[in-house]
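Can you build the whole structure from these sequences, using the hints too?
Residues per chain, in single letters:
There are 4 protein chains.
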Amino acid sequence: MWEVGVIGATGYTGLTLISILKSHPHIKINLVTSNTYKGKRISEVFPLLRGIFDETLVPTDQDHRGRCDVFFLCLPHGKSMDEADHLYDNKSIIIDLSADFRFEDIGIYEKAYLKHRAAHLIPHAVFGLPELYRDRIKNSKLIGNPGCYPTSAILALYPLIKNNLIEGNVFIDSKSGVSGAGREAKLGSLFCEVSEGFRPYNIGIHRHEPEIQKEVKKYQDIGIRFVPHLLPMNRGILTTVYGRLKQPIDTENTIALYAKTYKDEPFIRIMEPGIYPDTRFVRFSNYCDIGLKTFDDGSFVIVSAIDNLVKGASGQAVQNMNVALGIHETTALTGLPQYP
Amino acid sequence: MWEVGVIGATGYTGLTLISILKSHPHIKINLVTSNTYKGKRISEVFPLLRGIFDETLVPTDQDHRGRCDVFFLCLPHGKSMDEADHLYDNKSIIIDLSADFRFEDIGIYEKAYLKHRAAHLIPHAVFGLPELYRDRIKNSKLIGNPGCYPTSAILALYPLIKNNLIEGNVFIDSKSGVSGAGREAKLGSLFCEVSEGFRPYNIGIHRHEPEIQKEVKKYQDIGIRFVPHLLPMNRGILTTVYGRLKQPIDTENTIALYAKTYKDEPFIRIMEPGIYPDTRFVRFSNYCDIGLKTFDDGSFVIVSAIDNLVKGASGQAVQNMNVALGIHETTALTGLPQYP
Amino acid sequence: MWEVGVIGATGYTGLTLISILKSHPHIKINLVTSNTYKGKRISEVFPLLRGIFDETLVPTDQDHRGRCDVFFLCLPHGKSMDEADHLYDNKSIIIDLSADFRFEDIGIYEKAYLKHRAAHLIPHAVFGLPELYRDRIKNSKLIGNPGCYPTSAILALYPLIKNNLIEGNVFIDSKSGVSGAGREAKLGSLFCEVSEGFRPYNIGIHRHEPEIQKEVKKYQDIGIRFVPHLLPMNRGILTTVYGRLKQPIDTENTIALYAKTYKDEPFIRIMEPGIYPDTRFVRFSNYCDIGLKTFDDGSFVIVSAIDNLVKGASGQAVQNMNVALGIHETTALTGLPQYP
Amino acid sequence: MWEVGVIGATGYTGLTLISILKSHPHIKINLVTSNTYKGKRISEVFPLLRGIFDETLVPTDQDHRGRCDVFFLCLPHGKSMDEADHLYDNKSIIIDLSADFRFEDIGIYEKAYLKHRAAHLIPHAVFGLPELYRDRIKNSKLIGNPGCYPTSAILALYPLIKNNLIEGNVFIDSKSGVSGAGREAKLGSLFCEVSEGFRPYNIGIHRHEPEIQKEVKKYQDIGIRFVPHLLPMNRGILTTVYGRLKQPIDTENTIALYAKTYKDEPFIRIMEPGIYPDTRFVRFSNYCDIGLKTFDDGSFVIVSAIDNLVKGASGQAVQNMNVALGIHETTALTGLPQYP
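Chains as they are written, first to last, in this note's numbering: chain A, 1 to 340; chain B, 1 to 340; chain C, 1 to 340; chain D, 1 to 340.
Note that these hints are calculated values from the structure, not bench results. All residues carry an ideal CB built from backbone N, CA and C; glycine is no exception. Some hints could be false.
[To be verified] To give an idea of the chain C side of the interface with chain A (calculated C-beta under 10 Å), a few residues:
| id | residue |
| --- | --- |
| 1 | Tyr12 |
| 2 | Val178 |
| 3 | Ser179 |
| 4 | Ala181 |
| 5 | Arg183 |
| 6 | Ala185 |
| 7 | Leu187 |
| 8 | Leu190 |
| 9 | Glu193 |
| 10 | Glu196 |
| 11 | Asn234 |
[What the hints assert, rightly or not] With a Cα cut of at most 25 Å, we get these calculated DSS-like pairs of lysine-lysine:
| id | chain 1 | residue 1 | chain 2 | residue 2 |
| --- | --- | --- | --- | --- |
| 12 | C | Lys40 | A | Lys186 |
| 13 | C | Lys186 | A | Lys186 |
| 14 | D | Lys22 | C | Lys22 |
| 15 | B | Lys162 | B | Lys260 |
| 16 | A | Lys186 | C | Lys79 |
| 17 | A | Lys40 | C | Lys186 |
| 18 | C | Lys22 | D | Lys263 |
| 19 | C | Lys186 | A | Lys38 |
| 20 | C | Lys260 | C | Lys246 |
| 21 | D | Lys217 | D | Lys260 |
| 22 | D | Lys40 | B | Lys186 |
| 23 | A | Lys22 | B | Lys263 |
| 24 | D | Lys246 | D | Lys217 |
| 25 | D | Lys115 | D | Lys79 |
| 26 | C | Lys79 | C | Lys40 |
| 27 | C | Lys263 | D | Lys22 |
| 28 | A | Lys263 | B | Lys22 |
| 29 | B | Lys91 | B | Lys28 |
| 30 | A | Lys138 | A | Lys214 |
| 31 | D | Lys246 | A | Lys246 |
| 32 | D | Lys186 | B | Lys79 |
| 33 | B | Lys40 | D | Lys186 |
| 34 | D | Lys138 | D | Lys162 |
| 35 | D | Lys91 | D | Lys79 |
| 36 | A | Lys214 | A | Lys162 |
| 37 | D | Lys38 | B | Lys186 |
| 38 | A | Lys186 | C | Lys38 |
| 39 | D | Lys186 | B | Lys186 |
| 40 | B | Lys246 | C | Lys246 |
Put into structure tokens, the structure is as follows:
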């Protein structure tokens with residue numbers, strides 16, 4: 001039984017983590033923190049936990065070093081780096097859901113975010129996308145859990161870039177449910193400002209663009225253009241990627257390449273020709289569904305779908321924890337997608 | 001390991017049953033049927049099951065007698081009675097999610113529904129509300145799983161009627177998500193006919209009214225008025241009950257009565273004064289949350305919330321199965337509510 | 001051409017007012033104010049107005065006395081009374097959309113809200129429900145525009161209480177879209193905290209209860225219990241009223257009574273037996289639709305539907321303005337309901 | 001006063017047409033037809049019209065030739081061509097909202113749809129996009145109203161293709177509300193199959209692709225790839241177009257080009273740099289909002305938003321009628337966008 005702490009437990013990723021961890025047979029949550037709600041029971045913040053998990057929230061800003069085998073940091077970027085710096089002891093596993101430890105190149109991070117105050121930890125960190133970096137995650141004590149958009153985009157592109165098949169730039173058109181904006185009282189996240197509407201935002205300036213770009217460049221030297229949109233729904237990301245192959249490959253063979261690349265991956269499902277992902281069919285699960293179509297002129301459309309709070313955040317964090325602990329990777333992550 | 005069949009597996013209750021049963025450690029689903037989709041894999045009908053449960057659908061209209069230890073009938077009323085008549089052998093447990101075996105009094109059934117063609121089975125059937133009839137469910141081979149609205153209304157009223165506390169009639173104002181209308185292509189269930197709208201329907205003529213009424217009358221001889229409304233959301237029922245007590249009891253003591261009545265019930269949660277249920281907080285779970293307020297003049301407001309597909313249908317059906325099989329009642333039903 | 005000012009123009013009622021007034025042939029909006037957004041063009045706050053209405057917002061806290069023929073106050077209660085006190089000159093018409101001038105009895109107001117700082121104006125104010133108080137609105141310079149819930153509840157009850165037909169208390173079960181909570185960044189109004197959920201709130205303590213109660217008591221001395229609920233949709237209120245008649249009257253005759261009571265009302269539509277309102281069918285219009293059913297034992301169910309931002313706020317405010325100015329009451333209010 | 005007929009009045013485009021035409025000062029609707037609902041009043045089909053427009057529906061399959069000055073055909077493709085063939089007399093103006101008269105090249109039409117049975121009328125037909133073909137619409141008696149997706153895509157691309165600025169193919173990623181699927185009881189349009197989900201469909205095989213392609217080719221010989229997606233909302237289309245310019249042009253200058261191209265267009269609004277369209281801000285209006293960003297490497301992102309039922313269907317049809325009748329083009333189309 002490993003003891004686990006959720007640092008910053010009162011957002012949607014914290015709640016989703018708790019929900020997953022409560023069904024984990026080898027885990028005990030022995031710490032939940034919040035500065036805003038300290039002293040309250042977490043079931044007062046989230047009444048759905050009433051009678052199930054009534055733990056009292058302790059302040060985040062307190063010394064929790066060494067108290068847990070695994071710490072999940074569900075904090076804003078900037079805040080996470082300080083907490084990680086404090087907690088890091090090369091014994092506890094730290095899984096950071098912010099952007100602070102996703103970038104190997106501090107220059108890219110600082111350009112997109114802010115000055116890094118725990119730069120000495122960056123060499124210890126690994127980008128927590130198990131499908132690409134499982135082996136390195138195994139021995140890591142500091143895991144930078146990928147962003148939700150990057151997870152959907154990188155998994156969609158990986159089989160092509162790994163094999164150096166793309167010509168020219170790609171366009172990444174992503175659409176996310178509102179939970180991606182977090183559980184903060186912001187005008188733009190109000191029901192009346194979101195429902196019955198649809199809009200792009202941060203075109204060419206979203207901070208997930210450099211995160212996707214730096215991963216893509218590791219495999220193939222191509223540029224990306226990333227355009228996120230806000231969907232009037234709670235959860236789910238659908239990413240549609242457009243580009244052109246160096247040499248045309250037909251749909252069947254491209255699908256075969258994807259199937260082969262991901263053949264041992266428990267959470268990736270490749271659709272047959274003519275079938276495309278729907279966020280409904282991965283909702284509340286750790287799956288990433290991928291479908292695609294290619295055309296005679298070499299152009300391609302790849303579509304991926306994830307639940308932004310699960311495979312795009314807390315589910316992937318638990319997957320990383322399982323890998324890092326050396327236990328079965330799918331433990332606590334076998335729940336079916338749920339709809340309606 | 002018991003073998004289970006889902007008869008009529010391609011509706012929302014069928015899908016929800018499969019989702020719950022897949023996590024049940026003592027159950028194997030060895031039969032899924034559908035006349036409409038026979039020959040297809042169920043994962044073609046519900047792509048979310050792809051790679052998880054790819055069983056082929058066999059025709060419902062085929063001889064399945066004796067093939068399973070437990071049969072769940074997810075069929076329309078009228079059709080269920082015939083299927084039950086065919087399958088009943090006093091060995092297999094039959095759990096019928098239609099209305100066909102909910103009424104002890106055939107006259108009430110036939111007035112609300114249609115001529116009963118398996119009347120000889122009615123004496124063998126038990127109304128599958130474990131909180132009221134657990135002992136009888138234990139030994140039953142034929143369980144009439146309650147309606148979604150009746151579950152929410154009866155559980156809200158039970159502590160009061162059991163103790164004969166109500167004076168005069170009660171008004172039951174219920175609101176249900178659209179999944180209650182089933183997975184049929186009906187104009188009234190279209191997205192554009194439901195979203196951004198709210199309406200009552202079938203006032204005074206809904207068939208769940210006699211189902212609630214006959215249960216209420218077993219405990220206290222009062223009348224009910226039932227008004228259902230359609231909510232622009234997928235799942236969840238919230239029921240608000242209005243009436244008057246014979247003698248005023250304050251909110252705290254009324255809550256205490258509820259807490260005492262349901263103290264051993266694993267799926268009923270009673271809210272503290274000033275806290276009321278929200279369907280979000282029971283979504284995807286088998287919980288029924290109840291909150292209430294009473295007034296000096298004896299009038300009361302009781303509010304209950306369930307997930308209509310879980311405690312209002314498939315979850316309760318699995319609860320009934322667990323009781324009937326003599327295994328732990330909460331098995332496979334411990335998943336947390338999920339939001340957002 | 002009358003000149004009109006919208007004081008506090010950047011909420012949903014302000015926007016809805018502007019939308020209605022822009023189609024009014026006898027009106028020119030010559031003043032829009034906001035403290036938060038002062039100096040910005042209103043089309044920067046509401047991009048849908050781009051190229052249509054690009055007026056610059058001036059501070060609310062500035063001397064606008066005498067600048068307009070009609071002032072609409074779209075301010076929070078407390079703030080409105082001060083502004084009205086400042087603007088009142090017995091020449092300009094002031095229509096206040098807050099609660100500050102809805103109560104003839106200052107004691108009731110102060111119990112529910114706060115100390116009234118412009119009590120000397122209360123005798124000049126009229127409750128702006130034209131169906132009940134048209135004659136007094138005609139000569140008024142200060143109109144307290146009714147609350148959204150009270151509009152729906154009072155119009156539903158009026159034909160019964162006017163004729164003294166009700167026995168005992170009534171239960172008023174109301175459900176409102178989220179826009180009723182205003183355009184403020186509040187956690188409880190977030191998309192993810194509202195969509196796919198439904199909940200009651202403020203049972204027995206909502207401030208619209210005394211507003212409904214004081215109107216009801218003017219006609220018949222009965223008590224009310226008011227329970228509001230939050231609907232996962234933008235706009236619309238549906239109110240379901242439960243109670244009992246002194247003497248049973250059948251549905252047809254009760255409908256006839258309603259039709260007769262409201263026969264000259266341009267914005268009230270009475271449904272035939274078996275037909276009930278749907279908020280979709282009044283959306284974006286000033287209609288109040290009413291349907292009902294009575295039972296042999298005297299109990300009744302009345303259902304009313306309005307758009308909370310139109311008949312429940314800004315549409316009714318324009319209706320009041322039209323009455324007060326002595327022009328055709330439906331001017332600028334003849335737009336059809338809109339769906340989907 | 002012109003007399004107008006709506007042939008096939010009981011779908012969403014029929015309803016939207018009626019809503020717009022009811023506010024048109026020079027129009028009288030003297031004919032509404034439906035085979036399905038013949039004999040009923042249209043206000044029984046659409047209760048929101050109760051007391052406003054209670055016209056009786058006559059059968060579509062009846063001789064209406066010469067009865068109206070303008071006929072709007074809101075019929076499925078295939079059916080429209082027969083009706084147009086019957087009604088065409090070179091006097092009445094026929095505006096067809098189906099695809100039957102959108103294609104000058106019968107070969108493209110027949111490949112995408114079906115054998116054309118009124119081919120002799122095609123030379124008389126004009127593609128009803130006023131921004132491109134106003135002069136020809138003026139003298140036309142047969143107008144093929146454009147598809148919703150094509151309207152959004154062509155208006156987004158027109159300034160670039162008109163000036164021959166694009167290099168290589170473009171990717172058109174469109175997202176539509178559910179009303180685009182029509183008012184038919186289809187499984188895929190059910191609330192529970194749409195809400196809280198998002199999916200692409202008909203990639204590379206949607207019939208609006210050849211409609212966009214044939215218009216684009218008239219101006220510049222480039223290929224397009226069109227991918228439609230289904231949004232969980234009622235109305236609105238947002239189209240995001242990706243491609244590359246032959247020579248990089250910066251965002252400001254590209255916007256200036258758009259502004260110049262559309263400078264006299266009453267329904268097109270060009271956004272400033274960094275501002276992008278939102279379907280909310282055109283909802284219920286005839287506007288098409290366009291925003292864009294270009295990059296140093298010549299790649300571009302153009303975003304357009306329309307209400308699919310207004311500028312994408314019935315509003316544009318009325319705009320075409322106004323042009324064809326020689327009256328002011330914006331008559332009855334000046335209603336503001338509406339939200340929330």
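Hint by hint, here is what the structure shows:
The interface hint given for Tyr12 (chain C) is met, as the beta carbon of that residue sits about 7 Å from the closest beta carbon of chain A, less than 10 Å. Here the hint on Val178 (chain C) is kept, as its CB sits about 4 Å from the closest CB of chain A, short of 10 Å. With its C-beta approaching chain A no nearer than about 5 Å, Ser179 (chain C) sits inside the 10 Å limit, and its interface hint holds. With a least beta-carbon distance of about 8 Å to chain A, the hint placing Ala181 (chain C) at the interface is held under the 10 Å criterion.
The interface hint given for Arg183 (chain C) is met, as the beta carbon of that residue sits about 7 Å from the closest beta carbon of chain A, less than 10 Å. This hint holds: Ala185 (chain C) has a C-beta 4 Å from the nearest C-beta of chain A, less than the 10 Å allowed. Because the beta carbon of Leu187 (chain C) sits about 5 Å from the nearest beta carbon in chain A, less than 10 Å, this interface hint is met. With a least beta-carbon distance of about 5 Å to chain A, the hint placing Leu190 (chain C) at the interface is held under the 10 Å criterion.
Among the interface hints, the one on Glu193 (chain C) holds; its C-beta lies about 8 Å from the nearest C-beta in chain A, closer than the 10 Å criterion. Taking 10 Å as the C-beta contact cut-off toward chain A, the hint placing Glu196 (chain C) at the interface holds, the least distance being around 6 Å. The beta carbon of Asn234 (chain C) is positioned within 10 Å of a beta carbon in chain A (closest approach about 5 Å), and the interface hint is therefore held. Distance restraint check for Lys40 (chain C) and Lys186 (chain A): the Cα-Cα separation of roughly 20 Å lies within the 25 Å cut-off, and the hinted pair is therefore satisfied.
A threshold of 25 Å between alpha carbons decides the hint, and for Lys186 (chain C) with Lys186 (chain A) the separation of about 7 Å falls inside it, so the pair holds. With a C-alpha separation of about 18 Å, the suggested pairing of Lys22 (chain D) with Lys22 (chain C) holds against the 25 Å cut-off. Note on Lys162 (chain B) and Lys260 (chain B): the hinted pairing holds, with a Cα-Cα distance of about 12 Å set against a maximum of 25 Å. About 24 Å separates the Cα atoms of Lys186 (chain A) and Lys79 (chain C), which keeps this hinted pair within 25 Å; it holds.
For the hint pairing Lys40 (chain A) with Lys186 (chain C), the CA-to-CA distance comes to about 20 Å; that is within 25 Å, so the pair holds. A hinted pair counts as satisfied when its Cα atoms are at most 25 Å apart, and Lys22 (chain C) with Lys263 (chain D) qualifies at roughly 23 Å. Of the pairs offered as hints, the one joining Lys186 (chain C) and Lys38 (chain A) holds, with about 20 Å between alpha carbons and a cut-off of 25 Å not exceeded. Of the pairs offered as hints, the one joining Lys260 (chain C) and Lys246 (chain C) holds, with about 20 Å between alpha carbons and a cut-off of 25 Å not exceeded.
Distance hint between Lys217 (chain D) and Lys260 (chain D) is fulfilled; the C-alpha atoms sit about 22 Å from each other, no more than 25 Å. At roughly 20 Å between alpha-carbon atoms, Lys40 (chain D) and Lys186 (chain B) fall within 25 Å of each other, so this suggested pair holds. For a cut-off of 25 Å, the pair hint linking Lys22 (chain A) to Lys263 (chain B) stands: about 23 Å separates their Cα positions. A hinted pair counts as satisfied when its Cα atoms are at most 25 Å apart, and Lys246 (chain D) with Lys217 (chain D) qualifies at roughly 17 Å.
Restraint check for Lys115 (chain D) and Lys79 (chain D): satisfied, since their Cα atoms lie roughly 12 Å apart, inside the 25 Å limit. For the hint pairing Lys79 (chain C) with Lys40 (chain C), the CA-to-CA distance comes to about 22 Å; that is within 25 Å, so the pair holds. As the CA atoms of Lys263 (chain C) and Lys22 (chain D) are separated by approximately 23 Å, the hinted pair is consistent with the 25 Å bound. In summary, the hint linking Lys263 (chain A) to Lys22 (chain B) is supported, as the alpha carbons are separated by about 23 Å, within the 25 Å threshold.
Simply put, Lys91 (chain B) and Lys28 (chain B) have alpha-carbon atoms about 18 Å apart, close enough for the 25 Å limit, and the pair holds. For the hint pairing Lys138 (chain A) with Lys214 (chain A), the CA-to-CA distance comes to about 22 Å; that is within 25 Å, so the pair holds. Proposed proximity of Lys246 (chain D) and Lys246 (chain A) is supported: the alpha carbons are some 20 Å apart, at most 25 Å. Annotation: proposed proximity of Lys186 (chain D) to Lys79 (chain B) holds, straight-line Cα distance about 24 Å (limit 25 Å).
For the hint linking Lys40 (chain B) to Lys186 (chain D), the alpha-carbon distance of about 20 Å falls within 25 Å, and the restraint holds. With a C-alpha separation of about 22 Å, the suggested pair Lys138 (chain D) and Lys162 (chain D) falls inside the 25 Å cut-off, and the hint holds. For the given pair, Lys91 (chain D) sits about 21 Å from Lys79 (chain D) by alpha-carbon distance, which is consistent with the 25 Å threshold. Proximity of Lys214 (chain A) to Lys162 (chain A) is assessed by CA-CA distance (about 14 Å); at most 25 Å being required, the pair is judged to hold.
Among the hinted pairs, Lys38 (chain D) with Lys186 (chain B) is consistent with the structure: their alpha-carbon atoms are about 20 Å apart, no more than 25 Å. Taking the CA atoms of Lys186 (chain A) and Lys38 (chain C), the gap is near 20 Å; set against the 25 Å cutoff, the hint holds. Annotation: proposed proximity of Lys186 (chain D) to Lys186 (chain B) holds, straight-line Cα distance about 7 Å (limit 25 Å). This hinted pair checks out: Lys246 (chain B) and Lys246 (chain C) have alpha carbons roughly 20 Å apart, not beyond 25 Å.
Of the hints listed earlier, there is not a single one the structure fails to meet.
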